[in-house]
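K.L.:
Chains as they are written, first to last, in numbering that gives the first Met the number 0: chain A, 0 to 200; chain B, 0 to 177.
You may find that some hints are simply not true.
To be verified - Capping the alpha-carbon separation at 20 Å, the derived lysine to aspartate or glutamate pairs in DMTMM-like fashion look like this:
(1) B:95 <-> A:194
(2) A:75 <-> B:46
(3) A:199 <-> B:155
Stated by the list, open to error - For the chain A half of the interface with chain B, some residues (derived, Cβ under 8 Å), not all of them:
(4) 65
(5) 172
(6) 185
Unchecked claim - Restraint ranges, calculated between C-beta atoms of paired labels, are given here:
(7) A:182 <-> B:177: 32 to 40 Å
(8) A:182 <-> B:156: 18 to 26 Å
(9) A:187 <-> B:39: 51 to 59 Å
(10) A:9 <-> B:39: 50 to 58 Å
(11) B:173 <-> A:118: 50 to 58 Å
The set of hints was computed from the structure by calculation and includes no laboratory data.
Cβ atoms here follow ideal geometry from the backbone N, Cα and C, with glycine treated the same way.
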Amino acid sequence: MTTTTSAKPRISLERRNVTSALVANRGNDLLAIAGIGSPCWDLAASGDHPMNFYLNGAMGSAAAIGLGLALAQPKKRTLVITGDGELLMSLGILATIGVAAPKNLTIVVLDNEVYLETGAQPTHTGRGVDLAAVARACTIQNAETVYTQAELDAALPKIRAADGPVFTVVKILPDKAKLVIPPLEATYTKHRMREALTGKP
Amino acid sequence: MTTTTNGATDWRDQIYDIFRENGVRHVAHVPDGGHAKLIKRCEADPEMKTVTLTTEEEGVGMLIGSWLGGTRGALLIQSSGVGNCMNALSVMKHGKFPILMIVSMRGQWGEGMPWQIPMGQATREVLEAMGVIVYEVEFDRDVQPTVEAATWLAFDSSVPVAVLLTQRLIGTKKFVAA
Chain A
0 MTTTTSAKPR
10 ISLERRNVTS
20 ALVANRGNDL
30 LAIAGIGSPC
40 WDLAASGDHP
50 MNFYLNGAMG
60 SAAAIGLGLA
70 LAQPKKRTLV
80 ITGDGELLMS
90 LGILATIGVA
100 APKNLTIVVL
110 DNEVYLETGA
120 QPTHTGRGVD
130 LAAVARACTI
140 QNAETVYTQA
150 ELDAALPKIR
160 AADGPVFTVV
170 KILPDKAKLV
180 IPPLEATYTK
190 HRMREALTGK
200 P
Chain B
0 MTTTTNGATD
10 WRDQIYDIFR
20 ENGVRHVAHV
30 PDGGHAKLIK
40 RCEADPEMKT
50 VTLTTEEEGV
60 GMLIGSWLGG
70 TRGALLIQSS
80 GVGNCMNALS
90 VMKHGKFPIL
100 MIVSMRGQWG
110 EGMPWQIPMG
120 QATREVLEAM
130 GVIVYEVEFD
140 RDVQPTVEAA
150 TWLAFDSSVP
160 VAVLLTQRLI
170 GTKKFVAA
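Start from the sequences, fold in the hints, and give me the full structure.
P.N.:
Okay, here's the thing in structure tokens:
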């Protein structure tokens, strides 16, 4: 829910709890792309899966990969989980996604307002840049920012099933979680996902 | 004159036919005059998904996702946009993803816009530095066999491939002040 008050709500959500909730009880109809840095560790910590692809490089490309995957697999939900710093690198992709308008694509930004991997330098989102407003301006109508557990609970059904594109910023604490490293070979994660989806590598 | 199985004689139509015949169904592009007719043909095809990008690197990302989902895609861009793709191309090389890039060239044959020269002259070198196999076409008759071979190479061997449609082929853009 977008806040209308001027006071900033207190942030209390922890990234691992959020990620676990995003992929809880997933079947084979959820395809997950994690952006570089902590979202990769978070998705791995929530349980490795053949339908996960971890983008451990190419910062700024997670949402674009989600777009291609969503268009290629229209009957499944594609969920991009990425960070505020990663998305800020390629805001233009929101315009591209807004216009391409895939109904089965959701982008969740785990927004801790810092570049956590490099020493917690502040990103623009803690200084007034509103990513959900950017998404709405890019014609992604289903865009909101959630701050609390109750708001996250309300957002989850939309994240997993609403007509997309869905864009959800989840404000999280800027804390590092235990490092859980996913498979680092993209040849492996690529073949694994393609085989699961198409029956051939 | 070389023709595709559909008998097209215009090289832009030949590229479209090669896309059709080889299952290329996602086409991502940043518009360029050299690709204008091909973009129109792809947009008019209900079995193709044609996506307009804000910057070329989005297309590299998008086609990684397309391939993960089992769909072949092509990227239509200008040489200046090749420079925007570099870090995204690292995924192609690391993960052995196929990509078919059709690059319309500037900054070459008789170029009259000096700002185009640096990127146009560096295009092949920077693509090769990122592990992309580069083909180049100078004459009409070579377009069909070159793009077809590039398509086979990319998707049968799962490697990134770029075809440079040179300014000699496309025609030099002349700037004449009114």
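K.L.:
Return the numbers of the hints above that this structure violates; sort them in rising order.
P.N.:
Numbers 5, 7 and 9, in rising order.
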